[in-house]
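Trainee: So the chains spell out like this:
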Amino acid sequence: GAVVSQHPSWVICKSGTSVKIECRSLDFQATTMFWYRQFPKQSLMLMATSNEGSKATYEQGVEKDKFLINHASLTLSTLTVTSAHPEDSSFYICSAKGLAGGAEETQYFGPGTRLLVL
Amino acid sequence: RKEVEQDPGPFNVPEGATVAFNCTYSNSASQSFFWYRQDCRKEPKLLMSVYSSGNEDGRFTAQLNRASQYISLLIRDSKLSDSATYLCVVRAGGFKTIFGAGTRLFVKA
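Those sequence lines, one after another, are chains D and U. Per my numbering, residue 1 is the first one in the first sequence, and the count goes up by one each step. Per my numbering, residue 1 is the first one in the second sequence, and the count goes up by one each step.
Treat each hint with caution, since some may be false.
[Stated by the list, open to error] Heads up, simulated DSBU-like pairs for lysine-lysine below, C-alpha to C-alpha not over 30 Å straight-line:
no.: 1; chain 1: D; residue 1: K97; chain 2: U; residue 2: K96
no.: 2; chain 1: U; residue 1: K79; chain 2: D; residue 2: K55
no.: 3; chain 1: U; residue 1: K2; chain 2: U; residue 2: K45
no.: 4; chain 1: D; residue 1: K14; chain 2: U; residue 2: K2
no.: 5; chain 1: D; residue 1: K14; chain 2: U; residue 2: K42
no.: 6; chain 1: D; residue 1: K55; chain 2: U; residue 2: K45
no.: 7; chain 1: D; residue 1: K66; chain 2: D; residue 2: K97
no.: 8; chain 1: D; residue 1: K14; chain 2: D; residue 2: K66
no.: 9; chain 1: U; residue 1: K2; chain 2: U; residue 2: K96
no.: 10; chain 1: D; residue 1: K20; chain 2: D; residue 2: K41
no.: 11; chain 1: U; residue 1: K42; chain 2: D; residue 2: K66
no.: 12; chain 1: D; residue 1: K97; chain 2: D; residue 2: K20
no.: 13; chain 1: U; residue 1: K79; chain 2: D; residue 2: K66
no.: 14; chain 1: D; residue 1: K64; chain 2: U; residue 2: K79
no.: 15; chain 1: D; residue 1: K66; chain 2: U; residue 2: K45
no.: 16; chain 1: D; residue 1: K14; chain 2: U; residue 2: K108
no.: 17; chain 1: D; residue 1: K41; chain 2: U; residue 2: K45
no.: 18; chain 1: U; residue 1: K108; chain 2: D; residue 2: K97
no.: 19; chain 1: D; residue 1: K64; chain 2: U; residue 2: K45
no.: 20; chain 1: U; residue 1: K2; chain 2: D; residue 2: K55
no.: 21; chain 1: U; residue 1: K96; chain 2: D; residue 2: K41
no.: 22; chain 1: D; residue 1: K64; chain 2: U; residue 2: K108
no.: 23; chain 1: U; residue 1: K79; chain 2: D; residue 2: K20
no.: 24; chain 1: D; residue 1: K41; chain 2: U; residue 2: K79
No lab work stands behind these hints, which were simulated from the structure alone.
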């Protein structure tokens, strides 16, 4: 089946540092990638949607200067949490949309990245 | 009002029981509906799509009621391995996906 990978899976960092998370579609080309955030016992919240080669579209309340998204190719998107603070600690999940052997475009999720900011 | 609402549970059921979850959505223009399963500290995984005519996959049956704007998931003959959080997912045009907060299910031996 289609695979989406994320790296790193775990990050612990000091407040004020920037953290970069990579999301890759391993066996298909992702026309669109999505970044979600999930706090404990809460639902996944869409942060932004990005299409390859264009600027990301951010959801209301998500600071684009704090969460930098780069979708450089059809298989790679990166999320950079700039100047991370403890309140940014969360589970970040990327998702990629594409045709992965099926007849319809489907959304596939990465395994997630746990960020803990001290 | 939340765009997608679910009873958070938890539902505690014995093995072999039948359990049903409901989910309501507010956007009447929603086009696609899904149930995802999320295990603790893992990413969501697609359980099944939900079609207007209703669909079944083994022990799982999903139904959609567009008039009342709700979808349901029925699990028959519950297994211990069914313990997870079940997410109701609604998609409007353009692949904008809205997740419900999830319903937790615990299946006991």
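Trainee: Identify every previously stated hint that the structure contradicts and give their numbers, smallest first.
Mentor: 2, 4, 13, 14, 16, 18, 22, 23
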